[in-house]
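Quick note: to get this note's numbering, add 5 to the position in the sequence shown (first position is 1).
Mixed in with the good hints, there may be bad ones.
[Stated by the list, open to error] With a straight-line cut-off of 20 Å between C-alpha atoms, the simulated EDC-like cross-links for lysine to aspartate or glutamate are:
#1 K39 to D91
#2 K39 to D105
#3 K39 to D109
Worth flagging that the hints you see were computed from the coordinates, not collected in a lab. Because the structure is a prediction, the values reported are computed rather than measured.
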Amino acid sequence: MELVSFQSAKYTRIVRRRLKPDAMRSGARERLRKRYRPDRVRILFVGESPPASGRSFYRANSGLYRAVRETFLIAFPSLGTTDFLDSFRSLGCYLVDLCDEPVDKMTRHARRCACRAGEVGLTRAIRALRPEIIITVVRSIRANVRRTQEQAGWSGLNLELPYPGRWYRHRIQFRQQLLPLLRNTVIGVPVLLRSCKAIQMGTGGLPQC
Numbered sequence: 006m007e008l009v010s011f012q013s014a015k016y017t018r019i020v021r022r023r024l025k026p027d028a029m030r031s032g033a034r035e036r037l038r039k040r041y042r043p044d045r046v047r048i049l050f051v052g053e054s055p056p057a058s059g060r061s062f063y064r065a066n067s068g069l070y071r072a073v074r075e076t077f078l079i080a081f082p083s084l085g086t087t088d089f090l091d092s093f094r095s096l097g098c099y100l101v102d103l104c105d106e107p108v109d110k111m112t113r114h115a116r117r118c119a120c121r122a123g124e125v126g127l128t129r130a131i132r133a134l135r136p137e138i139i140i141t142v143v144r145s146i147r148a149n150v151r152r153t154q155e156q157a158g159w160s161g162l163n164l165e166l167p168y169p170g171r172w173y174r175h176r177i178q179f180r181q182q183l184l185p186l187l188r189n190t191v192i193g194v195p196v197l198l199r200s201c202k203a204i205q206m207g208t209g210g211l212p213q214c
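Let's have the full structure, built from the sequences with the hints guiding it.
Right, here's the structure in full:
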């Protein structure tokens, strides 16, 4: 916005018109994310930012969504009979981003500055959610996430994973490092499945399934 203030009024109006749809998309992303927020967050996944493509984890159409879902299904094959995002929430899992707006098209310097600025919001989120476990899904932001943990006075299990994007070896490492944690810490899958089956049969149960 500082750059805009030096431009003509006409240019400012053009920039504002271009920014407005982005703000609307950002609001829609947050509403969708909050829809899947658990009452009690046990495992907080932290990404860098929503991608500029418009895809997102909570729209179930991003590479990160596919990698997380595939790993959960390997750990708990029975989740394949449920809606994954509902199950993710019911198991106390939640994903937030360090930056509210996409950074993957920014220059390296601008991206670094955006990530540093995003630490304020992530610190607030960690204080509010108080997760037992924090999983950073992009190693390039691990220093940012560590600072927010310290600023929030948080202590717990911290796991830092490579982003499961274009590189096959990163997807394998992501899966290999996440699987043991899920198998050792995620509880309630049998109860979740029984509740989902009860709802399908019309006998009551958890409403999230």
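Q: Give me the numbers of the hints this structure contradicts, sorted from smallest to largest.
A: 3
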